[in-house]
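Student: Protein chains in written order, with the working numbering: chain A, 1 to 254; chain B, 1001 to 1268.
Calculated from the structure, these hints are not laboratory results.
These figures come from a predicted structure and were not determined experimentally.
These stretches of chain A come out as covered by chain B in the derived footprint (C-beta under 8 angstroms, 3 or more residues): (1) 43 to 55; (2) 70 to 83; (3) 87 to 95; (4) 100 to 114.
Beta carbons: idealized from backbone N, C-alpha and C, even for Gly.
Here's the letter readout for the chains.
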Amino acid sequence: MTQPILKMTDVQKSFGPKHVLKGVNIDVQRGQSLVILGGSGSGKSVMLKNALGLMTPEQGVIEFDGVDVTRDQGKTREAMRARVGMLFQSGALFDSLTVWENVSFRLIQAERIKRGEAKERAIETLRKVRLGSDVADLYPAELSGGMQKRVGLARAIISKPDLIFFDEPTTGLDPITADAINDLIIEQVKALGAATISITHDMSSARKIADEIAMLYHGEIIWRGPSSQIDASGNDYVDQFVHGRADGPIQPSI
Amino acid sequence: MSSKTKGGFPNPLGWIGAATLGFLAEAGRLSMFAARVKTAAFTPRWYFAEIWRQMVRIGFYSLPVVGLSSIFIGAALALNIYTGGSRYGAEQFVPNIVVLGITRELGATITGLMLAGRVSAGIAAEIGAMRVTEQIDALKTLSANPYRYLYAPRFLAGLITLPLLVVVANIIGVMGGWAVSVFSLGFDSTTYLRNTLDFVTQEDISVGLIKAVVFGGVIALMGCYHGDKSQAGATGVGRAATLSMVGAAVLVLAFNYILSTLFVRIGL
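Between the sequences and the hints, there should be enough to build the whole structure, so can you do that?
Tutor: Next up, the structure:
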């Protein structure tokens, strides 16, 4: 097995007395699409924020392409972020910037590419996510939820990253738009050859975009396997989650 | 520390202790934040387009509120000085005291208080909304440091634009006093203006401008600080805006007193 692009070993994170991550062990290989399932409050977003360096774990090691980035906020972390894309659940588009400025933000601010060239690349990337050049000069507030997700996807892929994180990519979208977003994710990720880590509780999305699926429960990975085996996992927790049953070992968070 | 006894009655010592610890912790957090913003503001890299955009938002768009406040303050000041001075036959000192009060004190203080409401709360609401919609996390993932991209431009814009606004406030405030004196109190226009210009010194103007630089930094910092630690939801963002406005207004008045004391001691 080759060196994973991202590897998390025994990652633990607490907020006061609440232990959100109790020792997460997971890795993803280059070009692999890993989906992490988990209910509300299972620690999915916290795990993702630790991987991105937006939070620092109390214990454990996070390696990106073989380099320890666990506590680094300097050049090593910046080098990692230059090779990583992120699609936020809410889109997290900058309200004060136009669509093309959002998409090309990294090119202008981090890579110091001239605005004219950056705009051309932004429009080209918008086309890849089925958005015309007419939206380039609009502001995010003027777009629908589905269009905002596509702009967020364009922003995540414009610098051709090696690893892309997707945080609930289809949440809040109608089934048809959600499926279109799934198709775009598959198409663009295959074109880039990037590895992806997606966190979701949308089973249809998980089945469609995943090579492998892992289940996070109470801050630990309790199952991992190929996407095709999700219905025969032999794990009661996974089985209950996949079939969306209220009865079972997982207590509904209400 | 519990501020209640076992019987549920308030424990005054516990309450005082908890409040003191809370205050010190908040002061420590604010100081750390201010130090990081200052470091980002005075070391490269600078986002000049952002600094310019914030200067327009803080400076240019505050002109109407600063102008209107100043003209009414200057006019009211002239009326009150005239009323008080007439008890001692000292009405002729109206232009002198108006220009002294405006340049050393009221021009900067009124501008600071107006901007604590308009600018500090606005910055806190904007950054708070960015915080709760993950835009600040997005900035980090896109290799932009929020201290350099968001906070330093607002801080620098505050430092630069407040003195410019205070110059405008001084001129309009003095003209407010002139208008009331000439059109209502029977002063001669030329004599009023000559007395004003003869009396005011470069030091008087400098005092107001130095205060303005400090107020500009305080106003921007309070907005950024409360926005950055905004809690989720509309309530959290609203609370951040309120706290920043109140905090900035109190600090403007506190620094005004501290700087006035300092200037008096050094003879400025």
